[in-house]
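Residues per chain, in single letters:
There are 2 protein chains.
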Amino acid sequence: MAPSPRDASPGLQERMDDVIDGVNKSIARLLPETDLPEAPLFEAMRYGTLNGGKRLRPFLVMETSALFGVDAVRARRVAAAVEFVHCYSLIHDDLPAMDDAQLRRGKPATHVAFDEATAILAGDALLTLAFEILSDPETHEDPRVRCELVSMLAKASGGHGLCGGQMLDLIGEKAEFDLGTISRLQRMKTGKLISFACEAGAILGKANESNRRALVNYANDLGLAFQVTDDILDVESDAKTTGKDSGKDAAAGKSTFVSTMGKDQAKQRAEMLVQQSIAHLNIFQGRADTLKELARYVLQRRT
Amino acid sequence: MAPSPRDASPGLQERMDDVIDGVNKSIARLLPETDLPEAPLFEAMRYGTLNGGKRLRPFLVMETSALFGVDAVRARRVAAAVEFVHCYSLIHDDLPAMDDAQLRRGKPATHVAFDEATAILAGDALLTLAFEILSDPETHEDPRVRCELVSMLAKASGGHGLCGGQMLDLIGEKAEFDLGTISRLQRMKTGKLISFACEAGAILGKANESNRRALVNYANDLGLAFQVTDDILDVESDAKTTGKDSGKDAAAGKSTFVSTMGKDQAKQRAEMLVQQSIAHLNIFQGRADTLKELARYVLQRRT
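Residue numbers (this note's numbering), protein chains in the order written: chain A, 1 to 303; chain B, 1 to 303.
There could be a bad hint or two in this list.
As the list makes no split between identical chains, a pair holds if one copy fits it or if it spans any two.
[As the list claims (entries may be wrong)] Here are the computed lysine to any residue pairs in the SDA-like style, where the Cα-Cα straight-line distance is at most 20 Å:
id : residue 1 : residue 2
1  : 174       : 115
2  : 174       : 113
3  : 107       : 265
4  : 263       : 108
Since the hints were derived computationally from the structure, they do not count as laboratory data.
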């Protein structure tokens, strides 16, 4: 029997469910249904974002914002913006010219449910919407804060972040990467956006430098741990559990943490990273326990 | 004999050449060559932007900025950002799943010169870079100005702008549009970004409301005139002159201004729009003569 995907503790699960609920409502509000002639674009944007995601990045935005007493309505806007960037990258990564994935979160990928052109445009429009949201005064009254959010998200998402990481990932299908390059690839492809999600709370809350630094360090270790466990899940799980095509990395001949260091060492590495990420949060004393619990959950998750 | 593509007056041509030169240098500086393993991404970004474009949008940014004494170095950053968005949209529009164009500006389209995946990512990264540039303090010391630039560019480029317009354009291959819908499509697909290019000078220069309004009105008429003449050129020119596949709209069964109102009426409409656009600039007395000349040039251009 496949393990339940609900393996977080009841307390953590409840907070995660709250975030999922809140961010889904925000997304639906930011992407209202429409009967304009170009409606398929907005339907695809909704389809690619309102699809039962775990909302890890929104969770990080909400929890780090809460540390500094940031208003939840504002934090939720930033959470939605980060999720829009994450979802756009999934929509584009799934395209036939990229990873050619048919399934995403147990449902047909956006380009399968609509068509390739609509999926490309939906991704483009989601990325653009993220910046529109962050630059809006409703996100924060201080334009310095808004500019910093825009700038940091752009850096995490562009050629030296998400896009560069995906380029490396495609190159990795035909080249063998060493551990250093795999780590760099993952830092760019997943790590930087996860770091931004954690730093966003500090930016919104105008946190001091040491608190901000602690969250970035936490995020860096957490992001890498997340990716290592993703590689482990890719070889261990089936599509029914993860809701996406599995074993694809091996089939595509991609170098992963597992293919490079072996499954046992990968598991040890993930555990070490999680311990390290938790240690960075000691600066917050008892106030960051949920973030600590989340880090431990990364090791136990099945999806 | 095909008419020369150089049919602007010597004075206008000189200013356009200056802008082309300046913005090309800015683009090259913002997109330096690299020997990182993900270099193909940056090569494709350079290929898709440093390809002999007319730089109409940068020209509008530079000329409207000059009206308010904006520092040219700053204006050139905004000009490059607008051009990045324009070029990203061309790279994505040319993809097989979209307009399936092989040629762009007389050279293989980006997805032909590289591959589809790299072209998609290069477009994504260019769009992202535009927002990174605008949010940078080097673009303007006032974060209010930077936020407004980000917000206005995002609105011009997203689901209610560029992306929505391209969606409509694709739908138009299978549906017949009336003149109102064609106008709306063109306003979204081309007009809004041209409007932003003109408004950018006013935003950077903190212009008063009536000056800003005049430039937006000028841009709206100019953008529509530009699109009407584009449709006329599509049926009149050959690939050798325009440097792109021609007659494609008719072949794709798309409704255009020409297919809806006929070529003669389309020409009259373009002339009327240009006269109208020029009239909006009277508020600047003699100081906007280059912008007026540009509007007249739109009627005469052959590419």
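Status of residue 265 relative to residue 107 across identical chains (alpha carbons, at most 20 Å): neither (33 Å within a copy, 49 Å between copies)
Identical-chain pair category, residue 174 with residue 113, by Cα at 20 Å: Classified as between; 19 Å across copies, 29 Å inside a copy.
Within, between, both or neither: residue 263, residue 108 at alpha-carbon 20 Å: neither (30 Å within a copy, 45 Å between copies)
Within, between, both or neither: residue 174, residue 115 at alpha-carbon 20 Å: For residue 174 and residue 115, only the inter-copy Cα distance (14 Å) is at most 20 Å; the intra-copy one is 27 Å.
In summary, the numbered hints that this structure violates are 3, 4.
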